[in-house]
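> Residue numbers (the working numbering), protein chains in the order written: chain A, 1 to 361; chain B, 1 to 361; chain C, 1 to 361; chain D, 1 to 361.
A few of these clues could be false.
To be verified - Derived lysine to aspartate or glutamate pairs resembling DMTMM-like cross-links, with alpha carbons at most 20 Å apart:
#1 Lys325/A / Glu186/A
#2 Lys147/C / Asp293/C
#3 Lys273/C / Asp311/D
#4 Lys268/A / Glu112/B
#5 Lys273/B / Asp169/B
#6 Lys356/B / Glu35/D
#7 Lys268/C / Glu112/D
#8 Lys258/A / Asp309/B
Treat the hints as calculated values from the structure; they're not laboratory data.
4 protein chains.
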Amino acid sequence: MAGNMIGKLLRLTTFGESHGTGIGGILDGFPAGIEVDLSLVGRDLMRRRPGQSHLASPRKEPDAVEFLSGIFNGKSLGSPIAFMIRNKDSRPEDYAHLENLYRPSHADYTYEKKYGLRDHRGGGRASARETAARVVGGALAKMLLNKDNIQVQAWVSQIGPIQAAVQKDKVTARKVEASFVRCPDEEASDAMINFIEGLKASGDSTGGLITCLIKGVPAGIGEPVFDKLQASLAHAMLSINAAKGFDFGSGFEAPAMKGSEHNDAFVKDQTGKVTTRTNFSGGMQGGISNGQDIYFRVAFKPVATIQKDQDTVDREGNPVRLSAKGRHDPCVVPRAVPIVEAMAALVIADHVLLNKISSVL
Amino acid sequence: MAGNMIGKLLRLTTFGESHGTGIGGILDGFPAGIEVDLSLVGRDLMRRRPGQSHLASPRKEPDAVEFLSGIFNGKSLGSPIAFMIRNKDSRPEDYAHLENLYRPSHADYTYEKKYGLRDHRGGGRASARETAARVVGGALAKMLLNKDNIQVQAWVSQIGPIQAAVQKDKVTARKVEASFVRCPDEEASDAMINFIEGLKASGDSTGGLITCLIKGVPAGIGEPVFDKLQASLAHAMLSINAAKGFDFGSGFEAPAMKGSEHNDAFVKDQTGKVTTRTNFSGGMQGGISNGQDIYFRVAFKPVATIQKDQDTVDREGNPVRLSAKGRHDPCVVPRAVPIVEAMAALVIADHVLLNKISSVL
Amino acid sequence: MAGNMIGKLLRLTTFGESHGTGIGGILDGFPAGIEVDLSLVGRDLMRRRPGQSHLASPRKEPDAVEFLSGIFNGKSLGSPIAFMIRNKDSRPEDYAHLENLYRPSHADYTYEKKYGLRDHRGGGRASARETAARVVGGALAKMLLNKDNIQVQAWVSQIGPIQAAVQKDKVTARKVEASFVRCPDEEASDAMINFIEGLKASGDSTGGLITCLIKGVPAGIGEPVFDKLQASLAHAMLSINAAKGFDFGSGFEAPAMKGSEHNDAFVKDQTGKVTTRTNFSGGMQGGISNGQDIYFRVAFKPVATIQKDQDTVDREGNPVRLSAKGRHDPCVVPRAVPIVEAMAALVIADHVLLNKISSVL
Amino acid sequence: MAGNMIGKLLRLTTFGESHGTGIGGILDGFPAGIEVDLSLVGRDLMRRRPGQSHLASPRKEPDAVEFLSGIFNGKSLGSPIAFMIRNKDSRPEDYAHLENLYRPSHADYTYEKKYGLRDHRGGGRASARETAARVVGGALAKMLLNKDNIQVQAWVSQIGPIQAAVQKDKVTARKVEASFVRCPDEEASDAMINFIEGLKASGDSTGGLITCLIKGVPAGIGEPVFDKLQASLAHAMLSINAAKGFDFGSGFEAPAMKGSEHNDAFVKDQTGKVTTRTNFSGGMQGGISNGQDIYFRVAFKPVATIQKDQDTVDREGNPVRLSAKGRHDPCVVPRAVPIVEAMAALVIADHVLLNKISSVL
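Same shape as in the complex, but just chain A (with noise of 0.2 Å):
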């Protein structure tokens, strides 16, 4: 109820601010007899990481996770996989002058009317650190989709002005990773690189897109109604820190289109497979997978922290002029998409146990 669990039969609950003891979660409806290989969580928290290139926050967070339950001799247990990465490099003081004003488009101002009290250290709650234990998450969710060759790959489409053009079905991890920007796009790469270094100089900072796409979804997953399959991922992409909307398919290009145009014709393929001549459907109609390629989008805003002064009040209300200083990262989308890996494996995940339930045919 408190909005720090996501899931239906495969649960994420996490926990911790972002200056307190330590950060995890709890992964619950995770099925037993799943082969878990660490070293894929290690990998897409690196991805993560604060400080991967000269570009991000110098921030050294190594992000150690210890799992504490759930995992036994190689394997889930079917019981809940808890696990925990302790906060460190926290310099508490940093945050003092904050104490007492609210930091413009951050989350400050509303903790504090919600709660009537808060942590002002980094955010607290609010702070994207929290995101670290969605990846971990994520990483395990993605073993489980692994079993039914379902693979999910995030890759950042915008920066700023700077628009990739790529071919979804063509882009690949390699691709995406070797680029700084997670742009499998190398040109567009480049200028995303030099946007961000102007931007970094002057003390700014930048928003993106980035497109996800998931194969290897068979027909018939996803809920009718409420839970549709596009209402889930929606649910989860705008629940990630910056997140400020979720199309697929055609998406915000559909209100200009014709229905002549837009429907997806039903062919068969050369292999007597039933597939769609078009896909502005996304890979899902009615909520439910149609088999196809499903691709989505989510736009982020710039990044709230600044290296410039800003007007901003304190509690009293009063104007406060609030000097800029401490670390800044002027760019954190390509950061963001292991996240959005993650909620969309979650998500994907979540689905495909809820279907094993629809029918006895």
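Assemble chains B, C and D onto chain A, guided by the hints.
Here is chains B, C and D on its own, set in the frame of chain A:
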């Protein structure tokens, strides 16, 4: 679990197939003591109803809702409010030719893959007729919000390529309802009507955009992490038939903005109240309302049912030609306005209740 | 949340007040493809119905159930199964004298304290009439269990001071239904009938015990920790009106036993199957079925409505004398047999579904 | 879903296997602003801990709990409170002989049937060690209840055949804790201690009864229909390891009572407050508290681990003789007292929160 319920504390469960005995729902968790004005339910059902103008499908559904429980002497009892709308004007023979084939971009194929069988008459459970039950639930939720002076108003902001230009906080219910297409920009409204008439003549269809504005939500409503207010709204909106995308505040324009432009500075207004200079946040920061207007957009695809022959396959996967027949509504977006409002009202009311237990301070 | 729904995957939500428009429910999560035999629903409703014998209340309720959705061509669709029973034979004027006072050991006082208002007619939402909806849901759950050859059978094992002596695994439906009081021990049955007739004459009432036996549950059904199978059963049974206690296996006799007596040794039976020598565990160990018969007991208090004057207070707290009037059923325990079965069937069916996603092994 | 979470608004999820890295939990939905006294957590953990007296198992577990999140400057933040207790003193080699066989009346067999594999060391997830996490959650729930002056007190009312005779509302924490076996009847306490010593010598074990009394719950707490307060309590109590039965108020004695004896007449007390002349209802009517003391009993079976050789089978179903070895605690009922209290506190606190949104009146 099975996708037919939405909400955490205020929970709407809907039931019914398009051509079964009836549709309806149960709204549970509605607090005792709320005055229930059934005429407001009828008003919103009328707004959603087919056949409101010459532009729409001629199917006549009186949509007479019968309340079965939960209301006593004009007030809510705190027990479940159940309601039912009997199906009438059903002509199942219109659908006999669809029993063994799949309409493009409808849910026929995906439902059959999921369940192993389906009610092929008019889309069965996947029919947009189900949304009448959402409108009933939403009308009740609005009564709960009215107590706190929270107002939900949606309108059509785009149909096909035609975009409205309005100042969001000046839109009134009167202006919206004065337009056949629920677009408060008169000029755009006329162009939209012309555009839809053209599509009707050619047997084609179109999509559109709906914008929704929520006034009066106090600061502090929403949950952190996974149930951010925008995540709950995105979930609810993407659960509406034909919805393709959701964004709030700066939305899909945020990626191209700079942090220094996008950040909403906190300022003190003339009355001494804390407010923000801009509202790119769309009224929500860190998933929690900040007291500013909440606004978001929902993109809808063109109606999948068109008056043109289309390619598809039958149950055995053989190519077949689906010939145009039956009733046809070239644009359902105006009728989706009360549905967007209903889902928004349900989400906000649920979060208002959730917030009552956040803090003892 | 509001207490009107039970189940995790197979979820029954009920609605309705005793003297409102009707009562009913939605059974959601019922898998597609199950053959639905509506006559079995009618049969169980008939068993629950008042006025089955001269012993019971003369109120005649035909309890004609109307199914509104979820069933097509005799099979479940996988969508919600909604149903309704209209209230008839309601004589609200019988209840006018109760509007301002609280019947002893009824829920009048507590509902008013909770909600601030109540429907005083016949107990409103607190009336045992609500259990008719449970019986409908339970009858459907039995159809799901039948596919796996799981059989649920309950009977009356005590009324007032009179206890039945039966061998649990020899009890048959025929023997239970042959008795007016649903007690398969003929001698005890006769004594119970005499006892109830005596109470009827004196205007008093009695309680009783119901024993329930579930055969055919395979080993491995149930969840660990908080949702142990016995915990789910206890929850379901204590949710029945007038239930006062629950125990399973050795139950309240366990405290006085020694471990060496109580432990159920595992042995190999003639067919080579693992079984246990005794069954003090009542078929469940660690919250999970072990393949032996599951059995439990539910204690019911005497009916609170009696034909004797009683002391109580009115809304202002003034002492008043509640005079006996209206209809009176001295013992409802025989009618609770199908309710216990229904709740047991719902719980077991839910756990059978839950178990399908426990393991990939 | 997977059984590791309890509660609707105040939700405790526990994790951990007996001999894994650690055990712990997340308490979510705990309101912000509650003062957290960690010494009270330590006190209740000490009461649950093995090895408190010469009667119990000599295993030494310091049970040092580490709080990871959700508390800041001594107050709850409204975010999840995560905590962990590392496993120590584990001697997994003690359990090697159990890898391929099933201990009678333990969960070894059922877990293996459910999951296809198990952690055989000390019962794994089925171990009563998990209940330490419940005690932590319960101690926090008590702090929430203390704000409303609600007090939860449990005690041992029977061990083996020896029953205590106490006046429920005179029992104090001091009297309970003064007894090695947590029985406030001194004479019975001595007899119980003698009885347990005898069992220890003979290598056998016993069960017992715990009675729990909750004072200060105002009228109106609890939900109708399926989540009656007694149903939630029964669920929570039957989820405790070794619990066999639950009853409240008149409980299993109710069946033999007459309505005229059993009904609790409402009367006005000296202060003008509405009260009841008797309390056979155990403080709950229609599932909702009536302002009187709530009381209930929980029956526990004898400990399954005994110091005697027993018959069982191995994984292949072959008969084997399980020889007595390892540590042995002949009666765990006194240690279950804080567990019963913890579960009761969690249930009542959850319902207190649930009630805050029942009504606007």
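> Are the hints correct? Go through all of them and say.
Consistency of the hints with the structure:
1. Lys325/A / Glu186/A: 33 Å, violated
2. Lys147/C / Asp293/C: 18 Å, holds
3. Lys273/C / Asp311/D: With a Cα-Cα distance of about 15 Å, the restraint between Lys273/C and Asp311/D holds, given a limit of 20 Å.
4. Lys268/A / Glu112/B: 17 Å, holds
5. Lys273/B / Asp169/B: Holds: Lys273/B and Asp169/B sit about 19 Å apart, inside 20 Å.
6. Lys356/B / Glu35/D: 19 Å, holds
7. Lys268/C / Glu112/D: Since the Cα atoms of Lys268/C and Glu112/D sit roughly 17 Å apart, the hinted pair holds (cutoff 20 Å).
8. Lys258/A / Asp309/B: 14 Å, holds
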